[in-house]
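Peer 1: Chains as they are written, first to last, in numbering that gives the first Met the number 0: chain X, 0 to 312; chain E, 0 to 333; chain R, 0 to 233.
Keep in mind that the hints were calculated from the coordinates and are not lab data.
Each residue gets a CB set at the ideal place from its N, CA and C atoms; glycine is no exception.
You may find that some hints are simply not true.
Unchecked claim - According to the in silico footprint, chain R covers these stretches of chain E (three or more CB under 8 angstroms from chain R):
1) 96-108
2) 133-142
3) 164-176
4) 195-201
5) 246-255
6) 277-284
Said to hold, decoys possible - In the DSS-like style, the derived pairs of lysine-lysine whose C-alpha atoms are separated by at most 27 angstroms in a straight line are:
7) X:K148 - E:K71
8) X:K148 - R:K104
9) R:K104 - E:K215
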Amino acid sequence: MEGVLGILERLDRRWVFLAMALAVAGPILVMGITRKTLPETPTDASRAVFQAVQSLPRGSTVLLSFDFDPGSAGELEPMGVSMARQCALRGHKMVFISLWPLGGQMIDQTIKKVLRADFPQLQDGVDYVNLGFQAGNEQVMRVVLTDFKRAFPTTKSGRATADLPILSGIQRVGDFALLAEVSAGYPGSKEWVQYVVSASGGKLPMVSGCTGVQTPQLYPYFPGQIRGLLGAIKGAAEYESLINTWVLDPASAAEMASAGADSGVAAAIPPKYLEAQRRMGPQLGAHLLMVVLILLGNVVYLAQRRSQRRAAA
Amino acid sequence: MRGYRAAYRMVRGRSITSAVARMMLPLLAACVVVTLSHRPASAHPQEVAAAVSTEAAAAVGASTASLFTPGKLPLAVAIVLTSGCIIAWMLQARAGAPMYLRRIPALDAVTNAVGRSTEMGRPVLFIAGIQDMDNIQTVAGITVLSHVAKTTAEYDATIEVPTSRSLVMEAAREAVRGSYQAAGRFDAYNADAIRYITDEQFGFVASVSGEMVREKPAACFYMGCFFAESLILAETGNSIGAIQIAGTAESSQLPFFVAACDYTLIGEEFMAASAYLSGAPDQIGSLKGQDAAKVIVATLILLGVFLATIAALNLPQSEAVSRVLESLKGALGS
Amino acid sequence: MMRIVALAIASVAGLVMLLSPFFPAMESVGAQSSEIFNVIAAIAFILGAGSLVKVNLSRVGRRDTGWGYALVTLLCFAITLVVGLGKIGVPPNPQFAATPWAGEKDAAGSAFAWIYEFILTPITSTMFALLAFYVASAAFRAFRAKNREAILLLGTAFIVLLGRTFAGVWLTGGFPEWASGLRLENLSMFIMQVFNTAGNRAIIIGIALGVTATSLRILLGIDRSWMGAGGGSA
């Protein structure tokens, strides 16, 4: 074929890569300069995650499992940060664990970014604790069903969990008020549902954040076994916007003050709590490019079919 | 030494299946003895006889329940039913009943793909997923590897098997060595062609992609459990012009393989691959048994949908049907 | 004889794992079997590391194509091993100040943490980011409206692609309340929650049955091709 259609037919895929780079880099630059984010309309699945944490009585102990590594941190770290932030704002106690080898470092980063930076009054071992990574995948899940401290005998820094005030009322995983899990693959949300939530007879509520490719797999479990679901960076952006809306609401200021949060936080949202919403700009650019590419590909295909029919005739 | 001789006498001259069954019987017996001997102290017979009360009756009930986890009964029934279907069809197939199996284009293409590699003088690349041997998809991938390796040995092509787990490397070496031996080409077997790269997902795919671009295998097989690296592998294979056959039970990665590979085994087709390639009657029979179990599941789903629809409508029977559904849900533990 | 022993171990271990969730008395046996697997996998690490060193050393020695990458692999392997095992740069653990090497290998300020933060994290993030480029080229090449099902698939893809971004809100946000179900973001959710869930459930059920059949064939020793194609069937 000649002309534009011929160019498209023989297009080197590196031009497609360049177009994708521009589609992603453009919004990043624009949003970085203008400091604006796109408005988010939260869906029921994200609202359910927000409500699950809000509805817990103050001071509840929440288990946060960060089952991801740096490769998927772009999509999942904002979810983990938001979950830790909402729990801290609500005055909940947080127990962090991970079933991925590099997940322990992701927890460290979140604790440093959120808890130590904005909630310095929270004490390690009393208000939050990092139990780090434990090898064994589903086996760890089977053990925590009956004896949580046997599965995690020490914290990441080597302290015995038997002596920790935060775990004083925790014998098994069912004693937690909520399981908030961020999952990049295996082991992840599906395994937690199969081995822990189902085995607990639905008594342990669970909310989950996962990557985009995993979301279709987890929708069958929502809203039954998984009470709330954050799917991909879109879900993270919706959840972030719900928390930010709540934080900026003057009616919430008193509640947050009692949790020890700096009331200055309510005046403006720090950039670190806008990461997911910022990443929706590049996502928009990339999705629009995908739509254009699919349309162009089909134009080429239809043109090829027509020329083949003409040649056959 | 005596124990070894006794064990040898037990299995000598018997078929593999019956030998394994005979060795399993003592273990089963031990399990039963351990289970029956597990009684709480309060359920002593004399105490029960002396104190006939609701508390003692509850203690006896509790001791009976502790032999078996009652909440798992529906799961146990499902396993027995499914296994029964599969074993029944296996026995039928062994008895000579004809079994029709539809063609699976991806598996028919294995021989062509290996032949292409031989003609072009380029290697065959086989990746058995990125999970360990405790994942059934990896085991299924290794079983397919053994068949592909046998074809490779017969066609005098070279096979490269980079692995992401050390145990998988060892299992793959055993499988490929056995296949080369069976094909009578043990001299062509090269253990270093099956090598460990790294456990780190993206480190593994970076290494394999680099090798694909440099060595340009003519045929690429992706058979196992994959995650985000599936598209990187498939696109790289596409860019070097290789024929690609993929198979996985990881539903999140199926769209990427379907889009980028020439042939894809979807879910249970991948699980059936080993049986399909072997052609053995009892293995084909197990596939039929699997289909029978699927018919039972589909029937139960239709029944459940029918009952739920009746319960949702404002019919005279709706309340009774709702009660039945609730009790079923409770029994199934949902 | 070795094949019979391998079969017996596979069958017995599989049966134990199958029965352990149902009988409380056997739960600990099941747990121990999993721990035994972890120990074996850890020991196999040594074999894997040995293979890595051997293969890459021979590539460097023979100056095969890409031998430079093999050299980089060996150097990175050695450096990370020494840094991790030697706990280089690890600050002392305040709880056990008198005990040397009591700090965590990846404590803040350690060389291992530096490697993780400035080498591993950017590299793995970069590899993950490659997916965006590859999915674009796959979409341009492969998503063609060849038949009715493909057209349906493309239509669904457009709805979900636009519905998951601000573009969907911008395009159909003005729809009246009675037609709110047709807004792209709501349509996208409907597709995910109804059609996608139904399809995924069917695939999950099929896979579960396939896994059962495969496991049964292996446990009963009928499919022995995992030992090599010469194993055949019973």
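Peer 1: Which earlier hints turn out false for this structure, listed by number in ascending order?
Peer 2: Hints 1 and 9 not satisfied by this model.
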